[in-house]
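A.B. asks: Here's the letter readout for the chains.
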Amino acid sequence: MTRQIRRLSFVFGLLLLALLANVTLIQVINAGDYRSRPGNQRVLLAEYDRERGPILVASDSVARSLETGNTLTYLRNYNNGPLFAPITGFYSLVYGATGLERTENRILNGKAGIFTVDRVQQLVSGRQPVGGAVTTTINAAAQKAAFKGLKGKRGAVVAIEPATGRILASVQMPSFDPNRLSSHNPSDIREYYNELESDPEKPLLNRPIVSLNPPGSTFKVVVASAALASGRFTADSLLPGPKTYQLPNSSKKLRNWTGRKCGPEGKVTLRQALAISCNTAFAWLGNELGAAAIRDQAEAFGFNSGFDIPLRAATSLFPQDPDAPQTALSAIGQFEVRATALQMAMVAASIGNSGRTMNPYLVQEIRGPDLSILQTTEPSQFEDALKPSNSLSLTEMLVNVVENGTGSNARIAGVRVAGKTGTAQTGNDSPSVAWFISFAPAAAPKVAVAVVIEESGFAEVSGNGLAAPIAKEVMEAVLGS
Amino acid sequence: MKSRRTTELVLLVCAWALGILGTLQVGWATGEGTPPRLWITISAVALIALAMHVVVRFRAKYADPIMLPVGTLLTILGLIMIYRLDVADARRAELNNAPLPTPDVYSQLTWFAIAGILFCGVFVLLQDHRRLQRYTFTFGLIGLVLMVLPLAPIIGTTVNGATLWIRVGDFSFQPAEIAKILITIFFAGYLVKTRDSLALVRTKVLGIGLPRPKDLGPIVIAWFISLGVLIFQRDLGTSVLFFGLFVSMLYIATQRRSWLIIGFFLFLGGAYFAYENFGHVQARVTVWLDPWSYADTTGYQIVQSIYGLANGGILGAGLGQGFPNLVPFASTDFIVAALGEELGVTGIFVILLLYAILIERGLRTAITCRDGFGQLLAAGLSITFALQVFVIIGGVTGLIPLTGLTTPFLSYGGSSLIANWVILALLLRISDRSRRPDLSKVSPDDAMTQVVPRVNQS
Chain A
0 MTRQIRRLSF VFGLLLLALL ANVTLIQVIN AGDYRSRPGN QRVLLAEYDR
50 ERGPILVASD SVARSLETGN TLTYLRNYNN GPLFAPITGF YSLVYGATGL
100 ERTENRILNG KAGIFTVDRV QQLVSGRQPV GGAVTTTINA AAQKAAFKGL
150 KGKRGAVVAI EPATGRILAS VQMPSFDPNR LSSHNPSDIR EYYNELESDP
200 EKPLLNRPIV SLNPPGSTFK VVVASAALAS GRFTADSLLP GPKTYQLPNS
250 SKKLRNWTGR KCGPEGKVTL RQALAISCNT AFAWLGNELG AAAIRDQAEA
300 FGFNSGFDIP LRAATSLFPQ DPDAPQTALS AIGQFEVRAT ALQMAMVAAS
350 IGNSGRTMNP YLVQEIRGPD LSILQTTEPS QFEDALKPSN SLSLTEMLVN
400 VVENGTGSNA RIAGVRVAGK TGTAQTGNDS PSVAWFISFA PAAAPKVAVA
450 VVIEESGFAE VSGNGLAAPI AKEVMEAVLG S
Chain B
0 MKSRRTTELV LLVCAWALGI LGTLQVGWAT GEGTPPRLWI TISAVALIAL
50 AMHVVVRFRA KYADPIMLPV GTLLTILGLI MIYRLDVADA RRAELNNAPL
100 PTPDVYSQLT WFAIAGILFC GVFVLLQDHR RLQRYTFTFG LIGLVLMVLP
150 LAPIIGTTVN GATLWIRVGD FSFQPAEIAK ILITIFFAGY LVKTRDSLAL
200 VRTKVLGIGL PRPKDLGPIV IAWFISLGVL IFQRDLGTSV LFFGLFVSML
250 YIATQRRSWL IIGFFLFLGG AYFAYENFGH VQARVTVWLD PWSYADTTGY
300 QIVQSIYGLA NGGILGAGLG QGFPNLVPFA STDFIVAALG EELGVTGIFV
350 ILLLYAILIE RGLRTAITCR DGFGQLLAAG LSITFALQVF VIIGGVTGLI
400 PLTGLTTPFL SYGGSSLIAN WVILALLLRI SDRSRRPDLS KVSPDDAMTQ
450 VVPRVNQS
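Residue numbers (numbering that gives the first Met the number 0), protein chains in the order written: chain A, 0 to 480; chain B, 0 to 457.
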């Protein structure tokens, strides 16, 4: 009987091997496949099982985790979702995460190295990590003012604190409701996402930092900076400002938006050319300075660089090698010059900050689960864009734009505001883009703003008519708070 | 041969200490904190294990030292997982504002205590396993009655489609678990007597000796009983276990491979018959072949089980950190899936190796046993463990079609726990006898010649 028992135990050994092989197949070899199957709730449950830290604006949370009472323990909730969507992004079962939810994921879910001490405790105790909090640089009043101003329009607003680079507002219109993308119902999420995706107005686009538009006349500020930096021009230098400018080596002529010559004799000071946004004078100036000088100046403001704020901002562009007519067009912010609202806000902020371009940032502090501050972002300088004396001179010119020129709608009683309008054509027959960039108070600005309105109409006045009032509201919100 | 009782005690302490660590980890990881009544539960487990050890030390000094700690460790792992699932159930009830469910872990602990008493009882009442042979047919009859008892009116209860429960008042029991032991004793007693005639060969076909047709009686009866269990009680697991056990024991007793072959074909025939005629068997096979197509309906359990195992990966989610409660019946049939999720493939390997050790020790007991009845009984009892482990774990992991069987020692359920501890007691009883030094061959060189005083006594 011994032999039979031995044989049976050999068979049992084979059965054991089969079991071992099978569990290895499931738990090791095919585990990744099983984990990523759509019907598998466990991965989602694991993410939704831990309390994700909040995203804060001042001390109010704009994104937080709420306990739900069902199997998905926590639900991501966005207070005033569409208002803060360009900052928070969404946190979706189906589409992953965007915005700060994505870039600060390891802080929010508590897995970042900064929490090492807590993690050792968690490892010993087996407790789920609790996420840290992210405090943004956003000023709620400015954010709300911009959102209100953009209502009914398509565009973006970015406000920056010039001295630090802190982003005070980043608003887009149209926006979306991150709550509906972060719900627990995959079919609802898909439906809403598809709706947003197929919307021609592209509400999912993070317009303030991603949408690139020709900056139009607001780019004249960059050209004026280059002119001052060259040492060949001052605010009072006279420039030719005829009714039309013959583009070099081309049959085409460039017209002033007024259809008239700038100044009585067809000559205009740099200050006045900026105040009335004289195209012919700046086209001429562009070729006088040369594309390289303008590009250097633009790059000192942040063009041709990518910024992680920590969301990745699109790179604003100044063309690499424009010929003379292209340089003339580039000098008035057309041709292939493209800028985000963030970039134009940086230009305004830099001029207000004695010519020092600061790196823009959105995350002020990282806090632990107990809200103790673990890390604070220190302002850092990107580059020196202007000599302080030139920045003073340029500031005076921009104040003149608001007080005596095209930017009248940005005037604030009792505050000196520096600003510049702009309208750009995005194509031959396509509607224009209206811009306004500004900062205030001019002497020691607390806020710099860029407003961009897409499909604004065809007139230069739209920069002042549509964009400037919004800039004014945002500046007032910051100055008042 | 050394008695090795101290080895057993040390291993028991290790199993107990692991149990404390596991329990604490569940409490901490789930945020419950140190489990309530921790001192009472760990003291209770220590007392039960110690009582069993002391009884073995005094009543079966030479019994195998590994099996008791292995059984204890498996029981403790089961208790931990049942506690962990209690926490999950309580949490869910809390969130839904439902009344808190009664924790299962305390009743399982109570059953463990009862199992411990019965375990000790076996050693006290049964001096020598050979005495069981006298009641071969009595046990056989009682076993048969127990098996069909759930079909009886009033007390019989159908749970989840299978009729394998009896219920008297609040007390419910699965008699097939006890029947399993009695029938194994019956098989051993019956086969040790009839094996000579059953081993007779008349004709040879393809080099394999076939038994006489009139000797086919017993196997055919066993086959019909298995089918009966399947048809009337819808209990696929017990049916397979019963028939597999009989065929394996028949093979060991007669030393004829032909019985294995006949058994195999009868099994195939029965399986085909069942598949063709019974919807519930067909459903099991369909789900086994492609669980993913039925992930939301009949395949839900197995798919959730596989997701859980995959979630566990190599090292597991960690006790208290997975979602084992997503698998229906996680504490009974699917406890291995729950353990696999939280302890990973590493944990499953450990559990399977614990079973392998237990079964190997049981079969070794059978081999070293000096009497035919004891040999067959030890082999049969070990085979029940082996078949049960393969059928249920294979089912839970999708290797074979799913059949309802409990996982020995781990699963929640009193009948099963008691039955498995009695089986373990019987195996230890037999191993004590087979490992006991043969007094006529005491070597003077053996360091453990402590037996001398006993020689004087006798």
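Source of the hints: derived by calculation from the structure; they are not laboratory data. Treat each hint with caution, since some may be false.
Said to hold, decoys possible - Here are some, though not all, of the chain A residues that point toward chain B, as calculated from beta-carbon distances under 10 Å:
(1) I4
(2) R6
(3) V10
(4) L14
(5) A20
(6) L24
(7) Y33
(8) L44
(9) N79
(10) I113
(11) T257
(12) R259
(13) T268
(14) P378
(15) S379
Stated by the list, open to error - Far from chain A, by Cβ distances over 10 Å, these chain B residues were calculated:
(16) V12
(17) L99
(18) Y134
(19) F322
Yeah, the Cβ is synthetic: ideal placement off N, Cα and C, and Gly gets one too.
A.B. asks: Does each hint hold? Answer for all of them.
C.D. replies: Outcome of the hint check:
1. I4: holds (5 Å)
2. R6: holds (8 Å)
3. V10: holds (9 Å)
4. L14: Holds - the Cβ of L14 of chain A comes within 10 Å of chain B, reaching about 5 Å at its closest.
5. A20: holds (9 Å)
6. L24: Hint on L24 of chain A: holds, closest Cβ of chain B at ~9 Å, below 10 Å.
7. Y33: At 3 Å from the nearest chain B Cβ, Y33 of chain A passes the 10 Å test, so the hint holds.
8. L44: Since the shortest Cβ distance to chain B is 5 Å, the answer is holds.
9. N79: violated (28 Å)
10. I113: Status violated, d = 22 Å.
11. T257: With a minimum Cβ separation of about 68 Å from chain B (threshold 10 Å), the hint on T257 of chain A is violated.
12. R259: violated (73 Å)
13. T268: violated (72 Å)
14. P378: violated (40 Å)
15. S379: Hint on S379 of chain A: violated, closest Cβ of chain B at ~40 Å, above 10 Å.
16. V12: holds (23 Å)
17. L99: holds (15 Å)
18. Y134: Given a closest Cβ separation of 22 Å, the condition holds.
19. F322: Per Cβ check, F322 of chain B is inside 10 Å of chain A; nearest 5 Å; violated.
Hint compliance for this structure: hints 9, 10, 11, 12, 13, 14, 15, 19 are not met, and every other hint is.
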